[in-house]
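2 protein chains.
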Amino acid sequence: MARWEPGAAGRLQKAALELFATRGFEQTTATDIAESVGLTERTFFRHFSDKREVLFHGQHLLVEEFLTGVRTAPPDASPLEIVARALRSAASFFPDERRPYSRLRQSVIDQNSALQERERHKLASLATTLADALRARGVDELAATLAAESGATVFGIAFTQWIREGEDRSLADIGADVLRELVTLTTTVSRKIP
Amino acid sequence: MARWEPGAAGRLQKAALELFATRGFEQTTATDIAESVGLTERTFFRHFSDKREVLFHGQHLLVEEFLTGVRTAPPDASPLEIVARALRSAASFFPDERRPYSRLRQSVIDQNSALQERERHKLASLATTLADALRARGVDELAATLAAESGATVFGIAFTQWIREGEDRSLADIGADVLRELVTLTTTVSRKIP
Chain F
26 MARWEPGAAG RLQKAALELF ATRGFEQTTA TDIAESVGLT ERTFFRHFSD
76 KREVLFHGQH LLVEEFLTGV RTAPPDASPL EIVARALRSA ASFFPDERRP
126 YSRLRQSVID QNSALQERER HKLASLATTL ADALRARGVD ELAATLAAES
176 GATVFGIAFT QWIREGEDRS LADIGADVLR ELVTLTTTVS RKIP
Chain R
26 MARWEPGAAG RLQKAALELF ATRGFEQTTA TDIAESVGLT ERTFFRHFSD
76 KREVLFHGQH LLVEEFLTGV RTAPPDASPL EIVARALRSA ASFFPDERRP
126 YSRLRQSVID QNSALQERER HKLASLATTL ADALRARGVD ELAATLAAES
176 GATVFGIAFT QWIREGEDRS LADIGADVLR ELVTLTTTVS RKIP
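Protein chains in written order, with my numbering: chain F, 26 to 219; chain R, 26 to 219.
Hints may contain errors.
As the list claims (entries may be wrong) - Covered stretches of chain R (in silico footprint by chain F; criterion: 3 or more residues with CB under 8 Å from a CB of chain F, positions within the stretch not fixed):
1. 89-98
2. 145-155
Said to hold, decoys possible - A partial selection of chain R residues facing chain F, derived with a Cβ cut-off under 7 Å:
3. 104
4. 163
5. 167
6. 210
These are computed hints drawn from the structure, not numbers from a lab. Predicted, not measured: the structure shown is a model, and the values here were computed from it. Glycine residues also receive a C-beta, built at the ideal position from the N, C-alpha and C atoms.
Whole structure, please, built from the sequences with the hints as guidance.
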């Protein structure tokens, strides 16, 4: 979910993704990536701890967008309303022109179990961070955890849909649709939990 | 979440957990585990592919309990009602006398990031399997994914609570409480998603 950055890091990311997609993740080394844009391996490792990290670089900025949404929600917002704000804020990290990059990146991740693991880990961390932010607003323990986990789930499902071929809704709109579906799902069960 | 089994596998599991807890996971080898119960390394590897797997062995039986819940839900049950059934069925895999074992197992997992990764992976697989089972019942794509992911989230939260020191409710009761909290959370947002 990395965002292009000006300078060496951005060039390395772009080159890495192209090499991963064409040659395969395993078959591409940090040196290959650096050399393809006329940089050295040393420069590569000044920006990224390993070649996996190239694909996840900048993700703290995405987490920041979620947190901005949490912080700017009205004081009387319910936990899930806060999450709805966070999702809308996070969606701004993925304007439509980013879709082809995100699609290509996901195709690389889907082909490698270590990358999938890293992605699951990042999503789990996002949920933890979101839950902390909700608790900091006074939301109680269980509600904060559930709302944060639900937010991460909705984000994951919405993102998968957003990069599907043929999809043209914005990530913000898909996220709101998925969240509404979650509300619909749960309102059909309220009187029947044994 | 492994269940004791009679015979070599069960003895190896019990011994492994004790060694992991006292000596540390990294410091315990498959040979140590086997020798501590008078078995050979070769016997160990007949039952488990690696020492991590000892802690996750038998988890397909837990998944089976979830699926039994899905299959035995009434034909007119809503997706989340089916999930409520699945959670109740899965809880039967963890009777109260299992709590000390589950607690010890979790303390081992919490100290090792590779084990945490494996656990996240297992929970993600559970969600995928649950979603497939819901789709097989005719639940549509999005509702199935959301209900299954929510079920896995509720299960994870309920399980964490169940093994907390001082907790004495059954896993089934905690699961129902957490699911009710999810319903409460979402019913406070229905009219406000932007």
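Outcome of the hint check:
Only residues whose beta carbon comes within less than 8 Å of a beta carbon in chain F count, and the stretch 89-98 of chain R has 0; fewer than three means the coverage is violated. With a threshold of 8 Å between beta carbons, the proposed coverage of the stretch 145-155 of chain R by chain F holds, since 3 of its residues qualify and at least three are required. A least Cβ separation of about 6 Å between residue 104/R and chain F falls short of the 7 Å threshold, and the interface hint therefore holds. The beta carbon of residue 163/R is not positioned within 7 Å of any beta carbon in chain F (closest approach about 15 Å), and the interface hint is therefore violated.
Interface restraint check for residue 167/R: the shortest CB-CB distance to chain F comes to about 6 Å, inside 7 Å, so the restraint holds. Contact between residue 210/R and chain F, as hinted, is supported at the beta carbon level, the nearest pair being about 5 Å apart and thus within 7 Å.
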